[in-house]
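J.: With chain A fixed as given, assemble chain B onto it according to the hints.
Note that the protein sequences, when read in sequence, are chains A and B. Throughout the first sequence, residue numbering follows this note's numbering, covering 1 to 509 in sequence. Throughout the second sequence, residue numbering follows this note's numbering, covering 1001 to 1185 in sequence.
Please note that a few of the clues may not be correct.
Partial list, computed: chain A residues near chain B (C-beta under 10 Å) [unchecked claim]:
{"no.": "1", "residue": "His-92"}
{"no.": "2", "residue": "Gly-95"}
{"no.": "3", "residue": "Pro-364"}
{"no.": "4", "residue": "Pro-366"}
{"no.": "5", "residue": "Val-418"}
{"no.": "6", "residue": "Ser-421"}
{"no.": "7", "residue": "Pro-424"}
{"no.": "8", "residue": "Tyr-429"}
{"no.": "9", "residue": "Ala-446"}
{"no.": "10", "residue": "Tyr-453"}
{"no.": "11", "residue": "Tyr-455"}
{"no.": "12", "residue": "Arg-456"}
{"no.": "13", "residue": "Arg-459"}
{"no.": "14", "residue": "Arg-462"}
With a Cα cut of at most 25 Å, we get these calculated DSS-like pairs of lysine-lysine [said to hold, decoys possible]:
{"no.": "15", "chain 1": "A", "residue 1": "Lys-400", "chain 2": "B", "residue 2": "Lys-1171"}
{"no.": "16", "chain 1": "B", "residue 1": "Lys-1171", "chain 2": "B", "residue 2": "Lys-1081"}
{"no.": "17", "chain 1": "A", "residue 1": "Lys-396", "chain 2": "B", "residue 2": "Lys-1101"}
{"no.": "18", "chain 1": "B", "residue 1": "Lys-1161", "chain 2": "A", "residue 2": "Lys-396"}
{"no.": "19", "chain 1": "B", "residue 1": "Lys-1081", "chain 2": "A", "residue 2": "Lys-433"}
{"no.": "20", "chain 1": "A", "residue 1": "Lys-467", "chain 2": "B", "residue 2": "Lys-1133"}
{"no.": "21", "chain 1": "A", "residue 1": "Lys-443", "chain 2": "B", "residue 2": "Lys-1133"}
{"no.": "22", "chain 1": "A", "residue 1": "Lys-451", "chain 2": "A", "residue 2": "Lys-464"}
{"no.": "23", "chain 1": "B", "residue 1": "Lys-1133", "chain 2": "A", "residue 2": "Lys-441"}
{"no.": "24", "chain 1": "A", "residue 1": "Lys-433", "chain 2": "B", "residue 2": "Lys-1025"}
{"no.": "25", "chain 1": "A", "residue 1": "Lys-506", "chain 2": "B", "residue 2": "Lys-1133"}
{"no.": "26", "chain 1": "A", "residue 1": "Lys-470", "chain 2": "A", "residue 2": "Lys-481"}
{"no.": "27", "chain 1": "A", "residue 1": "Lys-441", "chain 2": "B", "residue 2": "Lys-1161"}
{"no.": "28", "chain 1": "A", "residue 1": "Lys-400", "chain 2": "B", "residue 2": "Lys-1133"}
{"no.": "29", "chain 1": "A", "residue 1": "Lys-479", "chain 2": "A", "residue 2": "Lys-506"}
{"no.": "30", "chain 1": "A", "residue 1": "Lys-492", "chain 2": "A", "residue 2": "Lys-470"}
{"no.": "31", "chain 1": "B", "residue 1": "Lys-1055", "chain 2": "B", "residue 2": "Lys-1091"}
{"no.": "32", "chain 1": "A", "residue 1": "Lys-259", "chain 2": "A", "residue 2": "Lys-451"}
{"no.": "33", "chain 1": "A", "residue 1": "Lys-479", "chain 2": "A", "residue 2": "Lys-467"}
{"no.": "34", "chain 1": "B", "residue 1": "Lys-1081", "chain 2": "B", "residue 2": "Lys-1103"}
{"no.": "35", "chain 1": "A", "residue 1": "Lys-443", "chain 2": "B", "residue 2": "Lys-1101"}
{"no.": "36", "chain 1": "B", "residue 1": "Lys-1036", "chain 2": "A", "residue 2": "Lys-396"}
{"no.": "37", "chain 1": "B", "residue 1": "Lys-1161", "chain 2": "A", "residue 2": "Lys-451"}
{"no.": "38", "chain 1": "B", "residue 1": "Lys-1103", "chain 2": "B", "residue 2": "Lys-1091"}
{"no.": "39", "chain 1": "B", "residue 1": "Lys-1101", "chain 2": "A", "residue 2": "Lys-451"}
{"no.": "40", "chain 1": "A", "residue 1": "Lys-451", "chain 2": "B", "residue 2": "Lys-1036"}
Keep in mind that the hints were calculated from the coordinates and are not lab data. Remember, predicted model here, so these are calculated numbers, not experimental data. Idealized CB from N, CA, C, for every residue including glycine.
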Amino acid sequence: MLRQLFSFNGGVKPAYNKEQSNQMPIAVAPVPAELVIPLHQSVGGTPRPLVQAGEHVKKGQLIGDPDGFVSSSVHASTSGLVKAVEPRLMPHTSGLSALCVVIEPDGKDEWGEISPMPWRDMEPDDVRDVLRDSGVVGLGGAVFPSYLKVNPGKQGHLDTLVINGAECEPFITCDDMQMRERGETIVRGAAILRDLTKATRVLIGIEDNKPEAITAMKAAVTTTGESRIEIVPVPTRYPAGGAKQLIRVLTGIEVPHGKRSTDYGVQCFNTGTAYAIYEALELGRPLISRIVTVAGNVETARNYEVRIGTPMREVVALSKAKPDTDRIVMGGPMMGFAMPADTVPVVKATNCILVGSPTLFPPPPPEMPCIRCGECARACPTDLQPFEMYWFSRAKIFGKAQEYNLFDCIECGCCAFVCPSRIPLVDYYRFAKSEIWAREKEKESADVARKRYEYRIDREEREKQEKAAKLAAKAAETKAKLAAAGAADENKALIAAAVARAQEQKDRG
Amino acid sequence: MLEALLVMALGSVILGGALGFAAVKFRVEGDPLVEKIDAILPQTQCGQCGFPGCKPYAEAIAKGEADINCCPPGGEDGIRKLADLLGREFKPLSGEHGIEKPKSTAVIDENICIGCTLCIQACPVDAIVGAAKQMHTVVASLCTGCELCLEPCPVDCIDMKPIPENVESWKWKFPVFAIQSRKAA
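For reference, chain A alone in the conformation it holds in the complex:
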């Protein structure tokens, strides 16, 4: 049966460069000499460390406890000794450090206690807790805690559950290879998600430049015998793998500004996330490794199953970086982030380690003035007006940039890709977004300070009044007492009372 597909506006067709890394099967990367596991690996709060230096941990042991509602757990990726809990360089463009748990593996790779979860008999909230405690986050790159998304929504069930196997970004083949080799697990994971979200149908969208993955996944659906799951090849066009874009292509639903896909009965998960959810619920295994593509300026581009916390350098070494390598990028060429050093660890967001060289990715040519040609608006998959957002971001008129829905920008890079003036548009949007966030945060803390100051002023006033009232009451009481005692000379009696009080205090002291 041919399903009717829809289309999103814009998009580009960069060279795929996928055939380099999808020739060989997934290899398991060896355990490194030292694992550096950052505590902050998902959207939301930084988990609190649960271990101390000198402690022994088992594989899969919880080492970071979620902090707040939007946060996810972190686990030890192998057994060994905790060497330190200290700030280490993060896989982040800033080149800043954050708290990491450093583990020296003992070589035994011993699992802690793990057991399959009887999730079918559990309350939905308990299943979500299990997913949170298993550290499952969106593995497509956004690393949003999955437990918050496994939700039937307001209407009690989803119409469509979209499993995202589009993998539109050039060079990256981790989902492709995982679908080819571990399709059955992904389909089973999708089935779990289908049951948890009470979805009427499950559509697994895969770009049609991955025929092997499509065949493998179709076979997996037949073998597992899962119902209501359909493999849908979608036309190859970047960024078809964006959640909103894939939802649009598969269902025709365009999620408007300020709404969520669940408002329309649709939810989207990455294939890797479906795999991790199967492992978490059916095997009781927390998320401690992921598939990582190593591609670009290497001898043998390939996919590896890498433990979280493995230094990128060691993964790159397996593929043998060529001598003229000058940088590594986490993610693909369109949306990736330059890493401050090759020693940074692989984290849950690392779908690809792209090795760069001056010949493979030459330095960007100088930026030319915007000529308002509108190419960027035609290429924008979210129907924004990139040139307007660019003007206002550049001029630091952030309010205006926000009016042009800057925050709907998914930073896919299509606009910069087509720009004839070679303006790094996304850099401007990132700059504007982080400035706006910083200002909002500042404003929030100023509001808190204002409230606390006003409260303090009120309190001081109230305390003053209370004190005055108390004193007055006490004076009246003494007076009344004296009057009752029938003291003839009031003043004398008052003095006597004061003397008595002073004497009493002296005795006590």
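T.: Relative to the frame of chain A, chain B by itself:
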């Protein structure tokens, strides 16, 4: 003639009544300009401007009693916003009120603190917890960096520490490009 007068008189009575009602019903509490100015001020409540807090300073600006360049924590950015709001010229920060410093929080050296509670009384936002003869500590997330606790401390155990940049507070920089020299032909 009389009819016309009556109509006009009736009209003025009705309209006057409506206006009077509206004036009572939709009365604006406080000065909206003060609120707007107060929203721009950084709420450190530090008193460097010479007023006992941000709100009094906002009131003084609204009345025209104070200049817009007396708030060091608000910095240049704050002065620009005030100038925009009030339609005045931008002025550089007046030196007598202090200088713009990086945002900091107070940190109490807990080994030295004698538990005198003087800093607790000085803190305008109640960001210091402690009790008499007990160690005090600053709740960093609430501290506005006003420095008002430094002066009353008898043992000088409070330091201002600039807030370090972390991965979450890090901001993308404005894109800049090195001008490349043209290669010799």
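J.: Indicate, hint by hint, whether the structure satisfies it.
T.: Taking the hints in turn, this is what the structure says about them:
Hint status for A:His-92: holds, given a least beta-carbon distance of 5 Å to chain B, under 10 Å. Checking A:Gly-95 against chain B by beta carbon gives a least distance of about 9 Å; that is within 10 Å, so the hint holds. Given hint, A:Pro-364 at the interface with chain B, holds; its Cβ is 8 Å from that chain's nearest Cβ, closer than 10 Å. Taking 10 Å as the C-beta cut-off, the interface hint given for A:Pro-366 holds, the closest approach to chain B being about 6 Å.
For A:Val-418, the interface hint is violated, since its Cβ never comes within 10 Å of a Cβ in chain B; the closest pair sits about 18 Å apart. Evaluation of the A:Ser-421 hint against chain B yields a violated restraint, the C-beta minimum of about 13 Å exceeding 10 Å. A cut of 10 Å between beta carbons decides the hint on A:Pro-424: the least distance to chain B is about 5 Å, and the hint holds. A distance limit of 10 Å between C-beta atoms decides the matter here; for A:Tyr-429 the minimum to chain B is near 9 Å, and the interface restraint holds.
Evaluation of the A:Ala-446 hint against chain B yields a held restraint, the C-beta minimum of about 4 Å falling below 10 Å. Interface hint status for A:Tyr-453: upheld, as the beta-carbon distance to the closest one in chain B is roughly 5 Å, under 10 Å. Taking 10 Å as the C-beta contact cut-off toward chain B, the hint placing A:Tyr-455 at the interface holds, the least distance being around 8 Å. A distance limit of 10 Å between C-beta atoms decides the matter here; for A:Arg-456 the minimum to chain B is near 5 Å, and the interface restraint holds.
Here the hint on A:Arg-459 is kept, as its CB sits about 8 Å from the closest CB of chain B, short of 10 Å. Below 10 Å, beta-carbon pairs count as interface contacts, and A:Arg-462 has none with chain B, the closest being about 14 Å; its hint is therefore violated. Simply put, A:Lys-400 and B:Lys-1171 have alpha-carbon atoms about 19 Å apart, close enough for the 25 Å limit, and the pair holds. Restraint check for B:Lys-1171 and B:Lys-1081: satisfied, since their Cα atoms lie roughly 21 Å apart, inside the 25 Å limit.
Under the criterion of a C-alpha separation no larger than 25 Å, the hint pairing A:Lys-396 with B:Lys-1101 is consistent with the structure, at around 22 Å. The hinted pair formed by B:Lys-1161 and A:Lys-396 fails the criterion: a straight-line CA distance of about 29 Å is larger than 25 Å. Restraint check: the Cα-Cα separation between B:Lys-1081 and A:Lys-433 comes to about 20 Å, which is no more than 25 Å; the hinted pair holds. Straight-line distance between C-alpha atoms of A:Lys-467 and B:Lys-1133 comes to about 23 Å, which keeps the hinted pair within the 25 Å bound.
Of the supplied pair hints, the one linking A:Lys-443 and B:Lys-1133 is violated, its CA atoms being roughly 36 Å apart against a limit of 25 Å. Proposed proximity of A:Lys-451 and A:Lys-464 is supported: the alpha carbons are some 20 Å apart, at most 25 Å. Between B:Lys-1133 and A:Lys-441, the direct Cα distance comes to roughly 35 Å. Violation of the 25 Å bound is thereby established for this hinted pair. For the given pair, A:Lys-433 sits about 41 Å from B:Lys-1025 by alpha-carbon distance, which is inconsistent with the 25 Å threshold.
Of the supplied pair hints, the one linking A:Lys-506 and B:Lys-1133 holds, its CA atoms being roughly 23 Å apart against a limit of 25 Å. Distance check on the hinted pair: A:Lys-470 and A:Lys-481 sit about 16 Å apart at the alpha-carbon level, within 25 Å; holds. With a CA separation close to 19 Å, the supplied pair A:Lys-441 and B:Lys-1161 stays within the 25 Å bound. Taking the CA atoms of A:Lys-400 and B:Lys-1133, the gap is near 53 Å; set against the 25 Å cutoff, the hint is violated.
With a C-alpha separation of about 24 Å, the suggested pair A:Lys-479 and A:Lys-506 falls inside the 25 Å cut-off, and the hint holds. With a C-alpha separation of about 24 Å, the suggested pair A:Lys-492 and A:Lys-470 falls inside the 25 Å cut-off, and the hint holds. Taken as a hint, the B:Lys-1055 and B:Lys-1091 pair is honoured in the structure, with Cα atoms around 21 Å apart against an allowance of 25 Å. A C-alpha spacing of about 31 Å is found between A:Lys-259 and A:Lys-451, which places the hinted pair above 25 Å, so the restraint is violated.
For the hint pairing A:Lys-479 with A:Lys-467, the CA-to-CA distance comes to about 18 Å; that is within 25 Å, so the pair holds. Only pairs whose Cα atoms come within 25 Å are accepted, and B:Lys-1081 paired with B:Lys-1103 is accepted, the gap being roughly 19 Å. Using a Cα cut-off of 25 Å, the hinted pair A:Lys-443 and B:Lys-1101 holds, with the two alpha carbons roughly 18 Å apart. Taking the CA atoms of B:Lys-1036 and A:Lys-396, the gap is near 21 Å; set against the 25 Å cutoff, the hint holds.
A hinted pair counts as satisfied when its Cα atoms are at most 25 Å apart, and B:Lys-1161 with A:Lys-451 qualifies at roughly 24 Å. Proximity of B:Lys-1103 to B:Lys-1091 is assessed by CA-CA distance (about 22 Å); at most 25 Å being required, the pair is judged to hold. With a C-alpha separation of about 24 Å, the suggested pair B:Lys-1101 and A:Lys-451 falls inside the 25 Å cut-off, and the hint holds. A threshold of 25 Å between alpha carbons decides the hint, and for A:Lys-451 with B:Lys-1036 the separation of about 16 Å falls inside it, so the pair holds.
Hints 5, 6, 14, 18, 21, 23, 24, 28, 32 from the list above are not met by this structure, while the remaining hints are.
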